[in-house]
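Visitor: Sequence:
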Amino acid sequence: ARQYEASLEPLRDLIETRPEDAEVFYLYGVALSNRGLLTQAIWPLVRAMEDPEWYPVASLHLADVAISATDWVIGLDILDRFIEAEPENSKALLLRAYARAQSRQNYEGSLEDADTVLAQDPINSQALVLRGVALLGLDRIEEAAEVIEAAGEHFDTEGLGLVDAPRFCAVRAVFAKEKSELDAAEEIFEECLEKYPTHYEVVGESMKFFDSIDRPERASEIIRAAYEKAPSFRSYRSSLVYRLYTEGKTDEAEGILLEATLDSQPEAAASAFGDLAGHYFQLGKFQESVAAFEQALALLVDPRPEFLFTYADSLIVAEQYEKALELAEKMTVKPHQELIRGRISLAQGRPAQALEHFERGLLLWPENAIARYLAAIAAEKIGDFDRAIEELRYSIRADATATDARMRLARLYAASGQPSLGLAVIRHEAESDPNRGLTETLLEIKLLGRSGLADKLSPHIMGVLSRPQAWARAVAAMAEGVRQAEGSEAAADVVLEAVNIDLTSPLYVAALSSLVADLVPLGRGPEALSRTESALSLHPEASELHAVRGQALSLTGADANEIRAAWTRALELDPGSAMALRGLAGLDAAEGKADSALALYRRAALAEPWESEALARAADVLISEGRFGEAKLELERLLERDPYDGGAALRLAELLLEEEGGAEQLRTRVLFHKAKRFGGGPEAGRLLSTPTEPKTEPDAVQAL
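For this note's numbering, count along the sequence shown from 1 and bump the result up by 473.
What you were told as hints is all true, and nothing was included just to trick you.
No more than 27 Å apart at the CA atoms, straight line, and that leaves these computed lysine-lysine pairs for DSS-like: (1) K796 - K807; (2) K702 - K722; (3) K702 - K681; (4) K652 - K929; (5) K668 - K564; (6) K652 - K681; (7) K1066 - K1105; (8) K681 - K668; (9) K722 - K758; (10) K702 - K668; (11) K652 - K668; (12) K758 - K796; (13) K722 - K681; (14) K803 - K758.
With beta-carbon atoms standing in for the labels, derived distance ranges: (15) E962 - E654: 42 to 48 Å; (16) E1156 - I547: 48 to 54 Å; (17) Y794 - A875: 22 to 28 Å.
Keep in mind the hints are simulated off the structure, nothing from the lab. Don't be surprised by glycine CBs; every beta carbon is placed ideally from N, CA and C.
Work out the full structure: start from the sequences and follow the hints.
Guide: Below you can see the structure in the form of structure tokens.
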């Protein structure tokens, strides 16, 4: 690494004096990539590829760089074109086999590439290992075992000093895991880490394994050790920073990034500033993010289009629209220009204009998943939900993991009364999505319940639900779906018949709360109270159980003072208890204490940013107080969280309809369309069909 670092400055000088020399650009790209600056290595390698003499070696190295950066699209695109010209090039075939397997998108293709190489060289170590990986991915376990055994014999014969030894070590561990031999897998992973502590595949697979067995602290130790041994490797730094961020250690994460910005090499410092900008963005420090991007830009000789696009996007989020427009004018990639202009129009409340920009960008870049997603958002805001559906479907086909289009479309279908369609969408490529989280899984479970498929939990679902709290939320989600389809009795049975659940434990409080909500309307209020009392007798200091007791007391019509005492105790133990905050707010609202109720509802809304109930109840209070302007703002916030809440859309539309002068008329009609489509009731259709005087101002459409 030191040798490559020492070559960077001389190579930069050569680029200045020999700007047409492809060899110089190639060597510069190689030096940058070996320094761990994968993103910065791309543009000089692309320049080198322009020379036919240097195209083969530069393109293969660029593909390797892209794959190392997990940019599967770029890597596979380069390799597909290369192999079309040289179908028997073993290096290219092995790279593509690796990319196809690691991206989890094409195990069949990976197997085909490995077999092609083995036909030329039956003992090729890389091909043997990749064949085993592909067979594992295809669940052909017995065949994989044979290949891994053959590869093991080869390594025993040739010695483990081969370049593929780390990968083979990781494959052995993964194979043990796939056979559910977890102790053996752990032992092999630890052996691999001792021998190859900085090998990217050993590090990556080991982290995945320990995360999967609920030992995230060991995964964090692994990436920290790898980074300390190879601090110039950007992906290790990024991975460590991300884990620190998820653990709430944001100051330590920032410190690592700030230290990296002091690198003497401008490319490395720019890379660190870019990562720092992303870190600030995640924390919601948008102005700081922009400042870090600007420092990165000052260090870059030839910033990549993707960097400028990301920088412009951060400017938009920071509401620096003029600077974003100026940057868009300088962009050389036309679709990027249109997408940024569209993003600005959307952010400024001009969805119709935004849609025009997105359409122009999509003409040149029709497979851009993010542009399709943004076009769907713009279409929704002008009331064209059929167009929104098509754009979301296109976005999912282009890249299901690029946005939350899959989640959004599933919610749209569910809100439209089409849970089966929503289920099909949320399950699309779910098994191959390594980033699929609990939110998507819970929606899938809820839709299974609504669709009468409560017994159809798939393996990818169970893999996300290993922790007790997650399992409890899953049971509650299934009960919610069943409740919507079959009623409270069937929903209660879901909880009562669930396996591996302890309704007296605070860990499973989500399931207990769901059960309480169903027992009371069934006339089984005493049972609901008894269950909460039993749980509290075992865990008297559990805030969540006091909150559920308050829920049971409230639903059974107990004395208000007793209810308040339960929720107050819950808040004493946990000031962020959303259920207790909502409950106390409801009591205050019933007693006419509007301001106190609103303060509590807003605290609840902050405590559960994925839920909209607190915002809806706050709007109720404001409307009852005649504070219609504030109520509108609350309903707007609600619709940002849940854009398919037909009831909220109807209430907001009715408030706008009452305004003098009809200044919001088109916006009102869009809301009525939304209410009609998403369960707002017959009143939405009636009001939508009521003739209204059209608005004629030039900006009328943009006011949507």
